[in-house]
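A.B. asks: Sequence:
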Amino acid sequence: MPTLVTVKTLRLKTVDAYVAFDFDCPTSAGGTRLAADVTERESQLLARAMTYKFAVLGQRVAGAKAGVRATRDERADAMRRYCDEIRSLVDARTFLTGADLGTSEADFASLRGDGAGSHPVLQVVEGVVFEDVVTGFGVAVAAEEAVGSLEGKAVAVEGFGKVGGAVAREVVRRGGRMVAVSTIAGCIHDKLGLDVEALWQARADHGDDFVRHLSLPVAPPAVLFDVDADVLVPGARTGTIDDRRARALRPSAVVPAANVPYTKAGLDVLRERGIAAHGDFVCNAGGVLGYESDATATPGEVLAGVELRIRGLVRAAADHPQGPFVGACAMAERFLGSWLDPEALPDGPPLA
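The letter at position 138 of the sequence shown is residue 138 when you use the working numbering, and the numbering goes up by one with no holes.
Warning: the hint list may mix true and false statements.
With a Cα cut of at most 30 Å, we get these calculated BS3-like pairs of lysine-lysine [to be verified]:
#1 K264 to K8
#2 K264 to K162
#3 K162 to K191
Here are the computed distance ranges between Cβ atoms for each label pair [stated by the list, open to error]:
#4 G175 to G207: 45 to 55 Å
#5 D268 to G175: 43 to 53 Å
#6 W339 to P220: 42 to 52 Å
#7 W339 to H213: 46 to 56 Å
#8 D190 to G148: 18 to 28 Å
#9 D73 to A222: 42 to 52 Å
#10 D24 to A106: 43 to 53 Å
#11 D347 to L214: 18 to 28 Å
#12 H213 to A92: 40 to 50 Å
#13 P220 to D294: 29 to 39 Å
Simulated from the structure, these hints should not be mistaken for lab results.
Values in this document were obtained by computation on a predicted structure and should not be read as measured data.
Every residue, glycine too, gets a C-beta built ideally from N, C-alpha and C.
Can you make the complete structure from the sequences, with help from the hints?
C.D. replies: Okay, here's the thing in C-alpha cells:
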C-alpha cells in the first residue's frame, strides 16, 4: 500500500472531518466527500489523484480532498460546521473545494461570494449541475476513444448518480448500450440495453433505491463487475478493483468515473490479462476542464473543449508500452517534475 509520505492531514475541531493536502502549495483543490465511513486514508488517496489530475492538465495546483464523517440525518449540521471552519482556508485560496460523493453544490453556498455560481459549469441544466454533466460526458468520451467507437458496445456503470447518469446518457447518444447499472441498493442488468431515461426518472423518484422500482431482477451491487460488457465504468469508492476482482473482469477497457479505483495488484492483473486500465484522473477530468472555459461559454462550447482535451489525453496515455494508466501517470509526473523540487514530488501514483 502506498505510503503517501508527502500528504498532510488537517483534522477539524468542530466536526468529525479532515482535509488532506497532498503537498505544500499556495493553492490546493479538491472536493468534499461526506459518508459515515469515509476515512482519512481515503481522503489522502483522493488528494493524490487530484494532484495527478491537475498535473495532466498542466495546472500548478496541488491536490486536496476533504472527508466529513456523518450520516444522512447529521448531514445539514455537519456541513454547516464544516463550511464555517474551513472558511478562512477558502478565503485565502489555500483550499478550494466543492461537491463530491455525498455532497451537493448547495452545501457550499455559504462559502461562495456574489456571482460565484455564474460560471457555466455551476449552472443547472435539465435539473443537474452542469459540472456533473460535463464530468460524465468526459468519461463517455474517454470510453469512446478507448474502444474506438461506442456504436453497439455494451457498457456497465457502477454508481448511477449525478455523474454516472450523465455517463449513461452520453453513452446512449453515441450508440452504446447501457447493459448494467448499480447503486448501493443493488444492480440491474439487461443485455439488450436499459432505458436510460426511465432510469433517470426512477432515480429522481426513489433515489438510490430506484433499482427496486423497475420490474427488473435486482442483484447485489457487486454483480455489476461480473456482467459481460465491453467497457466497465467504476464510479463509487476507492480500491474497488483489486487483484481478485481484476482476475474475473471481462471488459476490454476500464474507464473510471471514480477516483482511485485500482489497487496496485489489481492494476498488475489487468495489465497481464490485456485489459486496458485507463487513468481515472484523465477520464474524469471533465469537471476541472470545464472551469477552464470562458465564463461566457455556452454549454456546447464547454463540452466541445472537454471532448478535444480528453480525447487527446486518452490517446497519448494509450501509447505507453505498460498501458494507459502508467502512460497517464508518466504525463502527470513529467509536469510535476517541471516545477517541483525533487524532494517535494509526490511519492507514487494514486493507487489504493
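A.B. asks: When the structure is checked against the list of hints, which entries are broken? Sort them ascending.
C.D. replies: 4, 5, 9, 10, 11, 13
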